[in-house]
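Listed here are the chains, written in short residue letters.
There are 2 protein chains.
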Amino acid sequence: MKTEKRKRPGKIVLYDTTLRDGDQSEYINFSKEDKLRVLQELDRLGIDYVEGGWVDGNPRDTAFFEEARGLRLRHARLTAFGMTRRAGQRASRDSGLRAILGSGVAAATLVGKAWDLQIQEVLRISQAENLRMIEDSLAFVKRGVKEVFFDAEHFFEGYLSNPEYAVRCLRAAESAGADCLVLCDTNGGMIPAVVQRVVREVRGLVRAALGIHTHNDAEMAVANTLAAVEEGVTQVQGTINGYGERCGNANLCSIIPTLQFKMNRACLPPRKMALLRRCSRVVAELANQSPSRQQPYVGDSAFAHKGGIHISAVRRNPRAYEHVLPEAVGNRRKILVSDLSGKATVLEKAREYNLDLSGKEGSVQEILDTLKLMEKQGYRYEGAEASFELLMKKALGKKRKFFRLLGFRVLDEKKQEKEPPYSEATVMIEVDGRVEHTAAEGKGPVNALDHALRKALEKFYPQLRSVELLDYKVRVLPAKEGTASQVRVLLECWDGKRKWTTVGVSHNIIEASWQALLDAVDYRLQLD
Amino acid sequence: MKTEKRKRPGKIVLYDTTLRDGDQSEYINFSKEDKLRVLQELDRLGIDYVEGGWVDGNPRDTAFFEEARGLRLRHARLTAFGMTRRAGQRASRDSGLRAILGSGVAAATLVGKAWDLQIQEVLRISQAENLRMIEDSLAFVKRGVKEVFFDAEHFFEGYLSNPEYAVRCLRAAESAGADCLVLCDTNGGMIPAVVQRVVREVRGLVRAALGIHTHNDAEMAVANTLAAVEEGVTQVQGTINGYGERCGNANLCSIIPTLQFKMNRACLPPRKMALLRRCSRVVAELANQSPSRQQPYVGDSAFAHKGGIHISAVRRNPRAYEHVLPEAVGNRRKILVSDLSGKATVLEKAREYNLDLSGKEGSVQEILDTLKLMEKQGYRYEGAEASFELLMKKALGKKRKFFRLLGFRVLDEKKQEKEPPYSEATVMIEVDGRVEHTAAEGKGPVNALDHALRKALEKFYPQLRSVELLDYKVRVLPAKEGTASQVRVLLECWDGKRKWTTVGVSHNIIEASWQALLDAVDYRLQLD
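As you go down the protein sequences, you meet chains A and B in turn. The opening position of the first sequence corresponds to residue -10 in the working numbering, with each subsequent residue numbered one higher. The opening position of the second sequence corresponds to residue -10 in the working numbering, with each subsequent residue numbered one higher.
This is chain A alone, in the form it adopts within the complex:
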């Protein structure tokens, strides 16, 4: 990574803390292997600094920093995180600071206090000792690493409470050689107007580069970050997908494209922006979080269009309904297969599925008619494209029949008030004239049916063994019929390579689930 490039005016330095602050999220817990993969993914995307975590003797992170040293990073600089020394101790004796130097990183970030209330009520030390802690610690670490950044915790509250002292904390870090003074909105409660005023004032009082680190407790993390950039901050800290404790950190997946496309501030190397969605997905996968469909820029629904007029307008001029081109961030336009859709949508989808519809006006009309009928019955294909693909293939005579159902039976029996019912299913199918009759139990009727069906089919189609059910959703369709309402079931499957979703609708939840199960199995079989 070229330092000159980073210092060129206008270039924003990206600092990712997914591996520390993201890992603080209540629901995220990266393994060492996850952390190594995230690091490589962030390097590939073109992030400048990747904060690897605390270097404080925690075995997972010690091992992570050790193994990370062996990776050849093309762009990113791995950064260690630590705290200023303890009160009343020498920096050179502080085990955390020594561990940072021992980790072999070229950059480190130290967090220290900058709010008089915290120093008095939480740390219970003198303001002068806090300044010495900052100065000693940064100076000590700076001797062993190329770059040291200072995270000024609660900087905004500190500045609003005692501006003079807050700035003295920054100056202590500056005089110790800090390469960047990072203003932290630790509680996440600031609003852009305040951030902007504070940064503007601070800007004139220190010489070192400024950074910004925000949290999303007022849904302002991204806006506060960009407000700070407008006032001259050059280092931006955040996490992929906004992961972080409480309401999360500033979301780099939103900040990066807005900086580049809307504020004309370069931050990623050219051609890297299109990797943004991929990076968001890989990190979500490693964090074991389902990706948010509605996530700005990178979510599945971010460029989803409903309704005919809307769609033809987007075709005429994407600017009419899209704020940026989806491809620019590696996303794609999603034309929702909805009851308002027409021929254009069907043709678009056929292209996507590699189905040739040219000269097949009749089939297109048949697909449209079927679609209308199915949607009237409560089917929705927006979230169940595998079922839609099957529907199209069927209309085109391209859907092979792999088996025939001869019948099933599901029994739920409860014999005691306190015990859940026992569920058992039997399934009878026919494949090429051979009849297979199976029985299975399960956690509930649908699960029992699922087991019995697979038991019957896997004999003939062993490729189904790799199919896993990832997600099962049930939606009761609006109608005033209580337990006789129609239900719509969505099933998501995964076979190690691809994910697909299918749909079923019925008054009977067993039947709706059955339909979705059949489509799920059928979709996989049609692929061979």
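No lab work stands behind these hints: they were computed from the structure. All values derive from a computational prediction rather than experimental measurement. You may find that some hints are simply not true.
A pair counts as met if it fits within one copy or between any two copies, since identical chains are not told apart.
Straight-line alpha carbon distances no greater than 27 Å define the calculated DSS-like cross-link-like pairs of lysine-lysine that follow [as the list claims (entries may be wrong)]:
{"id": "1", "residue 1": "Lys361", "residue 2": "Lys323"}
{"id": "2", "residue 1": "Lys387", "residue 2": "Lys488"}
{"id": "3", "residue 1": "Lys361", "residue 2": "Lys462"}
{"id": "4", "residue 1": "Lys407", "residue 2": "Lys448"}
{"id": "5", "residue 1": "Lys21", "residue 2": "Lys261"}
{"id": "6", "residue 1": "Lys462", "residue 2": "Lys432"}
Given chain A, work out where chain B should sit, using these hints.
Quick look at chain B alone, frame taken from chain A:
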């Protein structure tokens, strides 16, 4: 609702579009009943205007507006939504505009174009005709309703492309009597600096009140809204939980507390702010969306604290790690190691149910323990208070047992590919030593079970005949187990006088439904 109060300088007018723009979300589809409940919930919270939807002949919304007329709203004004008249037509002939007048609302919002590119490329009409469409339509509707608002679609793109024309669109609406000119960031791609500049300029060019309507495509919806308020906009449009198509709309659950607590702009009546979390939850439940744990202000994790130092610091001074007090928005601090809160809620609820808990420390503890256990298993009582009331009554020994279950059996049998399965249930119960054994069929297994249970019970308790099942909701709980996932069932009942909701949770959907059914019946029986 007092109009003077709304017009007092400084007061921000809250305009909710959950029922229209929220309902546009790819995954939300409110029923008429859902919409009526959302309307009442928003009224209770103190929202000024509730947009009910398009009034365009869609049967669900026609019925909704009709029934809504019968509701006594304490604060909110129900608002109808429509489009400016078609090109080349008279406003008085436009069926949409006539439908608005026919719906009996006191306020209406009309959306029209304000971007030259849209007018030329999408509408393909002259700029002059577009101005006439705006003016005619607003003037026509204004004759029949007290207040008319103009949603200027794509206003910001329009202003950036052709400021003079965009402002002429606003003026056309103004001269037709518009009570508020709402600047819409339809594509959701604006950033606060641009919004602020445009609003500041427009502010000097029109006299009517200004409104703001934003989308979240750049994760800026809340920030853009507040930036507009800082420049003098007085009407704020948004949705509960930010529901809306693509990346969602401006989230009122974040905007409201930030306005009130951080910008000192009153918007909710005093004492209402503490209902915010409840409102967010009820709307999520009705929208069948799992609430986001990380949602600012109202999410489960919004005030979650990890680690000892953090916690003792928060105890010493909540400001140390909390940007607002959780109770202020009806949320609570979540101490992740040992959760000690909750007692206050239980006492509060007991008062609500007229249960005397004074001097019953043991019972309170028992309720808290049970609650904790149940929530761990996936039960949620926010939307199912009847089940919670039963739980409390049971802990206090005030729950009478009306019958005992000896067993049930549910059979679903499918004999042909094209036909839905046949469902049959048998139920055996005992009431005062008398055994009743019944059988019934139904549309699906739960419906059959419901029929068999009522058949058995109505003999002994004829008051159950008036109990109607209004709504049945199923949510698959997050866990990647496919069809073996846990499900939570919510049942809403009505006996002609009151509505109540109950909950059941199990791996088996039949068992979860059974629990909710039992609670529903039990709740009614306990009333006598």
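Hint-by-hint comparison with the structure:
In this assembly of identical chains, Lys361 and Lys323 lie within 27 Å of each other by CA distance solely inside one copy; the values are 13 Å within and 42 Å between copies. In this assembly of identical chains, Lys387 and Lys488 lie within 27 Å of each other by CA distance solely inside one copy; the values are 21 Å within and 51 Å between copies. With identical chains, the CA atoms of Lys361 and Lys462 are at most 27 Å apart both within one copy (23 Å) and between copies (25 Å). For a Cα distance limit of 27 Å, the shortest separation of Lys407 from Lys448 across copies, 24 Å, qualifies, whereas the shortest one inside one copy, 38 Å, does not.
Within a single copy, Lys21 and Lys261 get their C-alpha atoms as close as 26 Å, which meets the 27 Å cut-off; across copies the closest is 47 Å, which misses it. In this assembly of identical chains, the alpha carbons of Lys462 and Lys432 lie at most 27 Å apart whether taken from the same copy (16 Å) or from different copies (20 Å).
Consistency with the previously given hints is maintained throughout, with no hint failing.
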